[in-house]
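Could you slot chain B onto chain A? The hints should help.
There are 2 protein chains.
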Amino acid sequence: MAHTTYKEDSQPTIDGPAEYFTGKVRVQSVFPTNETAHYSSAYVTFEPGARTAWHTHPAGQHFVVTDGIAWAQSWGGPIEVINKGEAVWFPPGLKHWHGASPDTAMTHLVVTGSLDGKSVDWLEKVSDTQYSDR
Amino acid sequence: MAHTTYKEDSQPTIDGPAEYFTGKVRVQSVFPTNETAHYSSAYVTFEPGARTAWHTHPAGQHFVVTDGIAWAQSWGGPIEVINKGEAVWFPPGLKHWHGASPDTAMTHLVVTGSLDGKSVDWLEKVSDTQYSDR
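Protein sequences, first through last, are from chains A and B. Residues in the first sequence are numbered from 798 upward in steps of one, following this note's numbering. Residues in the second sequence are numbered from 798 upward in steps of one, following this note's numbering.
Keep in mind the hints are simulated off the structure, nothing from the lab. From a predicted model like this one, the values you see are computed outputs, not experimental measurements. A hint or two may mislead.
Which copy is meant is left open, so a pair is good if it fits within one copy or across any two.
[To be verified] Here are the simulated DMTMM-like cross-link-like pairs (lysine to aspartate or glutamate), alpha carbons at most 25 Å apart as the crow flies: (1) K804 with D930; (2) K804 with E877; (3) K881 with D913; (4) K881 with D812.
Next up, chain A with everything else stripped away, as it sits in the complex (with noise of 0.2 Å):
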């Protein structure tokens, strides 16, 4: 029996589809399911003003904020500034968005809870407006 490490050729970017972001938005994997470990990591950095479309995770997602300022909102609460070092519980089926506020890029990474193979469940995206009432 060994460790797994994830080296750099492991841990592709990917852009965050536009279907699903609004904004520029890239995706870098850290960690994947596995047998054991029902959840994955990955960094998400956000360019200023951008976001994630409102979604739910089946099995809740934490995220901790590693290079600027996160906003983030919970359906029906107010918009939250979220700091550097600082983390967020999303419970399974709670609506929410995430992303950076409008001058500042964010980074945050993300450890996503998987069940039965799912970890997102995409909903609309944020519009102009709501993204603005702060």
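What follows is chain B alone, placed relative to chain A:
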């Protein structure tokens, strides 16, 4: 339903206990386990030469190097160098250690599985002879 935010005041920094670590080590909580996510996260920083004792994790552990260069070794294998941005998975029960290189401090973010409330079983210290065998 709302998200949970772990602000700085919920992320205490503690020294890695001398019983389980060699050299100066700081542990800062990022997020705890919860009812859904049976894994927790922390930043762990090692001064040059510092390392964990040998140990195992009942539900495995991932880490990603966020600063510096990590050394890691599984029992019976070589010491491996892990660079910033790279990640490692230690499966349940694998005897291993990790820490800084002799000349460079290292910080990694760990994501540690929990089984029946337990996340680590500590073993003997990594001797200077074992640590210098690279």
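Query - Violations among the numbered hints - result: Going through the list in order, the structure violates hint 3 alone and respects the others.
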